[in-house]
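A.B. asks: Each chain, letter by letter, is given below.
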Amino acid sequence: MTSDHDTATRFGRRNLLRAGGMLAAGACAPAWAQGGSAGIAARPEVSGNDIHLRIAHQMMTIDGHRSHAIGINGSVPAPLIRLREGQTVRLHVENALDEESSIHWHGLLVPFHMDGVPGVSFPGIAPRSTFTYEFPVRQAGTYWYHSHSGLQEQMGLYGPIVIDPAMPDPAGPAREHVILLSDHSQRHPHAIFRKLKQQGGYFNYQKQTLAGLLAGRDQRAGERIEWGKMRMDPADIADVTASTYTYLVNGHGPRDQWTGLFAPGERVRLRLINASAMTTFNVRLPGLAMTVVEADGLAVRPVTIDELQVAVAETYDVIVTPSDDRAYALVAESVDRSGMALATLAPRVGMRAAAPPLRPRPLASMKDMGMGAMGPMGDDGAMAPHDMSAHDMAGHDMAGHQMSGHDMPGNAAPGHDMAAMNDSMRNFANAPEVKRTPTVQTIAPMPVDRTGEPGQGLADVGHRVLTYRDLVAASRNPDVRAPDRALRIHLTGNMERYMWAFDGEKLNEVTAPFAFLENERVRVTLVNDTMMGHPIHLHGHYFELVTGHGDHAPRKHTVQVQPGGTVTFDLTADAVGDWAFHCHMLYHMHAGMMQVVTVRPRGEGAA
Amino acid sequence: MSVVLIIALAAAQMQGMDHAGHRPGMTMPMPMPKPAATPKPKPRTVKRPARHRAAAAMPMPEVAACSPEHAAMGHCEAPAAIPATGPSEPCPPEHAAMGHCTAAPGDAAASGTALPAGDAPAPAAPAPTYADRVWGAGAMAPARARLRHEHGGMTFTQVMLNIAELQPRAGRDGYRWDGEAWFGGDVDRLVVKSEGDGRFGARVGGEVQALYSRAIGPYFNVQGGIRQEIGVDRRYAVAGVEGLAPYWFDVEATAFLSDRGDVLARVEGTYDQRITQRLILQPRAELNLSAQDVARDRIGAGLVDAELGLRLRYELRREFAPYVGVSWERAFGATRRLRGGSGGAVVALGVRAWF
Ligand SMILES: [Cu+2]
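Line by line, the protein sequences give chains A and B.
The first sequence finishes on residue 607 if you use my numbering, and the numbering steps up by one all the way, no holes.
The second sequence finishes on residue 355 if you use my numbering, and the numbering steps up by one all the way, no holes.
Bound-form chain A, shown alone (with noise of 0.2 Å):
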C-alpha cells in the first residue's frame, strides 16, 4: 500500500552494515541491537518466508541487575522481524509457556483471524503448543509486535518488525538504526496491577508537598485547594514510574548505553518504536536536529523539529545527519520526567555523551482538565498563557485569579469562578454517549482539539517540537469520499479507583460493540475526559488524522489523545471482522478501557 515509500535502498546495506558491526564491536550483532559497550549481548534478527518464533521464560540483565523475563528464541526484546513488502510469510510460533500467549502484529495490515488477540480474532496459542500464522505483508515501513495475553507484554514480549518496501529509494540513508524504546521493572506486572488498584498513586514520588509549597515549588497554595476541592492531582502525570522501572534503548539501561555507530556527515535514519507497556517517551538528541519522514510506517513530507512525544504503540522514523566526530545522547525522557532511557550515537565504541539532567516535571494544567476553551486563547494552538502549569504561574495568584473575567466562546456565562467549574466536572449532559458509572470520575466540560499542540510538558521547552498538524502524508490518501456519518467515543477513567474505559464501560460490562459497515467512512472523534493521555489503537486499519490536510492527512494505527483533548480521523472500513480497539497503555487497557470493533459486509445484518 506504500510503494511510493520513502525509504532507504538496503540494497547490500544489511551485509554492510552487518560487516561494519563486526568490526567495530567485535561481535557477531544485527546492527539494530547491538549493544557498544562490551557485555551486552547480540541480539537475533529473523527473515525469510518461514519464521520460528519461540516464547519462554528467561533472564536478562539490565543495568547489571538480572531480572526475570518472557522473551523470544532466548532474546529480550524479542528478535528483529525482517520482512520485504509482498511477500507472504508464514511465522510458527511456539508457546513454550505454562499459560496461554499471543503475538500480535502491531501495525501490519492482516486478515483479521490473523491478528493476534485472544478472544476477539482467534483462541490464543495453548501452553505448550505451536500457531502458525501466515498472511501477505501489504506494507513497508517500522512496525513492532507483542504480546496480547494476560501483561506478558511488561514481561519483554514484544519485538521490532521492519518491513523493507518492494522498491527501494536509491536516495535513502546510507545507515540505519532501529531504536526500540521500553519499560521494565523488577516486579512482576500483577503487582504492579494490584499497587494501582489500592493506591492509583502509588508509584508517584513527585506529588506536591507541603515542603514544596514553603519553597515556592509547583503550584501556589490557593490553586492547591482549588484543584483539591475537585480532587484532581495536577501531579497524576504518569501512572508507573522510574520508582519502579527502568527505561530501556534495545533492552539495554541507561548505565549499559546502548550505542549506534554513525561516519560523520552520513544521514542515519532511527527507527523509533516505543514498545513500552506505560511510558509516554519525549524524545531529542541535543545538539542535533531530527527530520521526520516516517510515521506509524507510512512516509510523511519530511520536517524537520528539535524533540516529539512518541506515545505508546507509535513508531516514526527519523532522520539524522551527525557531522561531527563526537558521540550525541540519545535521550528518552518519560513524560512525567522521572527517567530517562539512554542511547549513545557514535563514531566509534566507546565514545559516550554526557546525559543531560532530568526536567523538572510538568504540572496537568486547566486545558488537561478538558476546560481548555476557558482559556483567553480560545481553542487551538499553543498552550494559552494562561494555562496553569507550574512554569505558567510564576507571578499568578490562583485564588485571587476568577476566571469570570474571561470569555468563554459560545457560551455567555459570566460571574462564574472555579468553585463552577468544580460543578461542571462531572455534567453528563455534555456527553450524552456516556454511561453513568462510578468510571466515570470526570467529564470534559470543553475539550478542545489539540493536534496543533507539542505533547503534555512540551510546550515551552524553547525548540522545535513535532505536533499532529506538522504530520502531512507523503502521498494521496487512498480513500478521500467524505464520511457517511460521525462517531464519538468518550475516553472516561477513574484515578481514584482505577478504573478506564470507553464511554463509561469497562470491557467487562460492554453489550455491544463499535460496529461499522463494510467500506463505511466514518469520522471518529475521540474525547479524553481524563486528566490522562491515552494511546488509543485499532487493529487491523489506518485512520486519517482530521488536521487539517485534505487528502493528504496523516495515516495512523495509533493516536494519543492528550488529556482534556480530542483527536478527529476519518476511518474507512476496509476490513471484514472483529478488531480489537484499546488505549495501549497496558494497564488501562487490562483496567478495561478497550472495546470490540466489528465490520461486516453489507447486506449480512446484525448477525
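If you're looking for bench data, these hints aren't it; they were derived computationally from the structure.
One thing to keep in mind: the hints can contain errors.
With a cut-off of at most 16 Å between alpha-carbon atoms, the simulated EDC-like pairs for lysine to aspartate or glutamate come out as follows [claimed, not checked]:
| no. | chain 1 | residue 1 | chain 2 | residue 2 |
| --- | --- | --- | --- | --- |
| 1 | A | Lys207 | B | Glu315 |
| 2 | A | Lys229 | B | Asp250 |
| 3 | A | Lys195 | B | Glu319 |
| 4 | A | Lys195 | A | Glu496 |
| 5 | A | Lys207 | A | Glu496 |
| 6 | A | Lys207 | A | Asp233 |
| 7 | A | Lys229 | B | Asp272 |
| 8 | A | Lys207 | B | Asp272 |
| 9 | A | Lys435 | A | Glu509 |
| 10 | A | Lys229 | A | Glu496 |
Example chain B residues on the side facing chain A (calculated, C-beta under 10 Å, incomplete) [what the hints assert, rightly or not]:
| no. | residue |
| --- | --- |
| 11 | Thr129 |
| 12 | Gly243 |
| 13 | Arg274 |
| 14 | Arg318 |
Beta carbons: idealized from backbone N, C-alpha and C, even for Gly.
Once you have looked at the hints, place chain B with the ligand on chain A.
C.D. replies: Below, chain B with the ligand alone, put in the same frame as chain A:
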C-alpha cells in the same frame, strides 16, 4: 434525631457531588436544559457537525440508485467504495460530500478529511463473534470469556492497618488499632473493619464489622452489614457511607441499630498532609453520637465522645510507615457523667501498614 440528620446530610452532599451542576447560580454552559433525570444514553449517538447542516440545507443533488441508508440496510449495493486516486472529472463539493465522486486532487480543502461528515445511520451492532466462523464457537467461547474477565472484571484484595499503636501511660500502657480489609471488584466488595483499644492486662474494648460495600459514584461507597462488639455481648445492624470528599478528606458516616433497639452514629474523617514525598502528617477526628441514653453501655444521649489525633508517619515504603502522634479524647454530656470524667491526651507510637 441527630443520627438521621447526619446520614441525610451526608447523602445530600453525595447527591450534590454526583449531580454536579444543580447549584443555584451555577452557570456552566450546557447545551441541554437538565441533566437531572438520568439522560438515557442512546446507543452510539450520531453526532451531527454544524458544518453539515449547511450542506444538508442545500438542494440535494441527484443521487445514485442506492442511498446510503438503503445500502446500510443491505437493500442494495452502495456506489463504488474506494474511488481511484488520481485526477478525476469535475466534482462539486456536494457530490464529494456524499462520496459519489472525488474532488480534484491538489485542492486539499475540498477532499479527504476536509469534507464534512454525513449523517447516515449507524448500523446495528452485531455480536462480535466473527472469529467463530474460522476457529469454531467452541474454541472461541472460553477465550472470549477470559478476555472480558481480564479487562475490567478482576477482583483484588487490600488489608490496611491505619492505626496500630502503643500509648505509654502512667500506670498501665495502652494500645489501639484501627484497620480494614476489602475483597472484590471495582464496584462490589466485602469489607471487614475493626477498631478498638485497651490497656495491657486490663479491659479490651472494640468491634468488628462485616459489610457489603457498593460504589455509588466515582468517590463514594454505601455499606451495610453487622457489627459485633469485642468484650461485650452486643450486635448492631450497620448502614453507612464512606469515600473521598472534596479537598481530599477521607470521610465516613455510619449509623448503628443495636439488637436492643438503640440507635448510635459515628462520623470520622482523616486527611493526609504530605510534607515531603515520604513524610506525611495525618490529622484525624472521630465523633460518636447516640439517640438515647444506654446506661448499661455507659452511653448518654447526644454527643457521646470525640477523639482528635495527629500522627506523623514516614513511608519507608508506601506499605510500611512508622509514626509518632498524639491522641486526645474526651466524653461529653451524659456520657461524661456516666464514665466519670475520662479523657485526656496520650502520646502514640505506631505503624501504618498495608498489603
Ligand atoms: Cu496493539
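A.B. asks: None of the hints should be skipped; say for each whether it holds.
C.D. replies: Hint check:
1. A:Lys207 x B:Glu315: holds (14 Å)
2. A:Lys229 x B:Asp250: holds (13 Å)
3. A:Lys195 x B:Glu319: holds (10 Å)
4. A:Lys195 x A:Glu496: Given that 16 Å is the threshold and the Cα spacing comes to 12 Å, the pair holds.
5. A:Lys207 x A:Glu496: The given pair, whose Cα atoms are some 15 Å apart, holds under the 16 Å limit.
6. A:Lys207 x A:Asp233: With Cα atoms ~8 Å apart, lysine 207 of chain A and aspartate 233 of chain A stay inside 16 Å; holds.
7. A:Lys229 x B:Asp272: The given pair, whose Cα atoms are some 14 Å apart, holds under the 16 Å limit.
8. A:Lys207 x B:Asp272: Judged against 16 Å, a Cα distance of about 12 Å means the pair holds.
9. A:Lys435 x A:Glu509: Distance of about 11 Å is within 16 Å: holds.
10. A:Lys229 x A:Glu496: Judged against 16 Å, a Cα distance of about 14 Å means the pair holds.
11. Thr129: Status holds, d = 8 Å.
12. Gly243: Hint on glycine 243 of chain B: holds, closest Cβ of chain A at ~9 Å, below 10 Å.
13. Arg274: For arginine 274 of chain B, the interface hint holds, since the closest Cβ of chain A sits about 5 Å away, which is under 10 Å.
14. Arg318: holds (6 Å)
No hint from the list above goes unmet by this structure.
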